[in-house]
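Okay, here's what each chain looks like letter by letter:
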Amino acid sequence: MKRLYRVELAIKLADRVYEYWIRAPQVAQHARAGQFLILRLHERGERIPLTISAVRGDAVRVIFMAVGKTTQELATLRAGDSIMDVAGPLGRPSEIARYGTCCVVGGGVGIAGTPLIAEELKRAGNHVIGIIGARSADLLVLEDEMRGICDELYVTTDDGSRGAHGFAADVLKRLLGERVIDCVWIIGPAIMMKITSGVTAPYGVKTYVSLNPIMVDGTGMCGSCRVTVGGETKFACVDGPEFDAHQVDFVELMQRQRIYTGQEKISLERYAEHQCRCGEGGGSHG
Amino acid sequence: MADRPASVRINDFEEVDTGLTPDEAIAEAERCLQCKKPLCVKGCPVCIDIPAFVHAVAEGDFRGAARTLKEQNMLPAICGRVCPQETQCEGACVLGIKETPVRIGALERFVADWERQEGAELPEVARPTGKRVAVVGSGPAGLTAAAGVARAGHAVTIFESLHEAGGVLTYGIPSFRLPEDVVRAEIDQVLALGVRLKKNHLAGRSVSIDELLGYDAVFLATGAGLPVFMGIPGENRNGVYSANEFLTRVNLMHADAFPGFDTPVLHGARVAVIGGGNVAMDSARVARRMGAKVFLVYRRREEDMPARKVEVSHAREEGIEFVTCTNPIRILGEECVIGLECVEMSLCDLDESGRPSPEPIPGSEFIIDVDMVIQAIGTGPNPLLVSLIPGLERGRRGNVVVDDNGRTSIPHVYAGGDIATGAATVIEAMGSAKRAAAAMNAMLKGE
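Heads up: the protein sequence lines correspond to chains A and B, in order. The first sequence begins at 604 in our numbering and counts up by one. The second sequence begins at 10 in our numbering and counts up by one.
It should be emphasised that the hints constitute simulated quantities derived from the structure, not laboratory data. Here the structure is a predicted model, which means the values were calculated and not measured. Please note that a few of the clues may not be correct.
Stated by the list, open to error - Sample of chain A residues at the chain B side, in silico, Cβ under 8 Å:
(1) A690
(2) E698
(3) I699
(4) E855
(5) R859
Here a beta-carbon is modelled for each residue, glycine too, at the ideal position from N, C-alpha and C.
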């Protein structure tokens, strides 16, 4: 029995950045802020985790950067194409409560994870400040959407091509100096989360980060995603993916993210070569 | 029936044992004494009428033998391969007192393989009762309960979180012990009873607790999927795997065939596998087939290993180096693994398991030069779903507390397999699932 998950909408947002809506009723109907899904494109595919970015009816949205073999292959799919497996929602939902003033920070493709959290925080009665940052204007995603959800939105780019010149951490630091912020979420690349959460530490502000280690099953069975939090080993897939930022061993996380760098390169080169040969006919194939 | 030579089989993932020919099967079956009070049946956790099926084989009636097997066991090709018959049916066989017992496991496998080739016949299914039963997990316990309840006419839905059914049969046991097509064929037979399988459905996440408890009966068979780590320094270095992860990458995701398959796995040149159970043997033998020099590090003696004797000898034949009476204390290296520091153990008084309890010998530390470490020291009950169900009583180790019939603290919720018993064998999981299925059928009939 093959159950396939249909791509309902496939949009290129920026260079190598894509927004996909995938029909997966069991995921969409139960998804909460902070959770992720795991997809497998085909019989030979690997299982990759992606943050659930939004939900509409029976469809879920994911936003990803096509950097590895699987994400590049995913990016060749068009509306109407199918994905073999989508499992989820996985992980514990965000700790949503009425904190007072909350700040939701997204970096790069990590911005994908911010709207659901901002929305649920808003619904819980918080004053929600959004900070989204990217390397440059063309890589900045979901600005309008976040502006619509948040009470205040700050935009930064590393090169100053849009919003403030600099990092999300700079804005966060300034805000922390100006007023009371009760809770912070940071979602982005590991290094960005490390640096940005360092900003909140001196203020003793509760800060959550959404960790993105390598996973296989995503249900607590393999331990591939183990991370050290407060000196204890935790499984990001079932104990997280969100953890207290100030307890996370980011150096170990980044080290473990590099395990398969060599294999990933081989896989990608092989795929590029294959695409090249098949691409001569002019069509992409999904 | 013969084992393929070790020098050949370490180059592939094909089965070690080639199985019986029809003539060999008949000759073996003819050895059975057809005891009036068969002890073998008492040794079988799923109560197969062993003398009857063996008799049918002796008569050359393989179809009849298959029918008898499947009356009690829907997974005979699997059980024929992975059951520890030496401690069960064959261990109880009276022939074993003076000579070798009837090779019941090999006969079970022969019959099931014969039927798979000739075309499977399905057992009868009762008329639909209109009752709905949810089974969580599609491993040996889940499949067995699903079959038992479906045959009574209830509408069964299995929720499986992975993209393939089978649980440990699919992600855990390597194909040289249990080929993928054998597992798939027997799962298909269970599904052919009218069982619905919902893959990619993690109960408690993709299926709400309310939705789950809304079924007329629920069977929890989520297994002992939680890997245990030793808790020694260096455990999170790149190149340290749980056996679950290593085996899942290879068995389920086919990482050994990377880049033909997209999932990667590290190929250690020198690999230490820690543990002495069947999972440790499986991990060691998989690593060996991927080209590694493998050290099996175990804290007691070889004769104390909980693995089946046949698995231990297969591992030895395949060139796995046993480092016994040795306990790892530290994994060395910066980012990656460069060695495993161990200490020698002396064996002292017998502990509660009846085995000598190992104690470290001061000053005996030494280093095994390895670039990969696989920890196969056991698994705990998967806590995810069971911790989300309010009012479900759990034991100290997180297992679901059940009575002899698999009843939990919630009236219409049953549990079986490793989530209830703690990590055990495939057949013990199936035995507990069978009893629970019978209890569920009785409950559903009574309402």
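Results for each hint:
1. A690: Result: holds, 4 Å to nearest chain B Cβ.
2. E698: This hint is violated: E698/A lies away from chain B, its Cβ roughly 16 Å from the closest one there, beyond 8 Å.
3. I699: At about 17 Å, which exceeds the 8 Å cut-off, the nearest Cβ of chain B leaves the hint on I699/A violated.
4. E855: 6 Å, holds
5. R859: Hint on R859/A: holds, closest Cβ of chain B at ~6 Å, below 8 Å.
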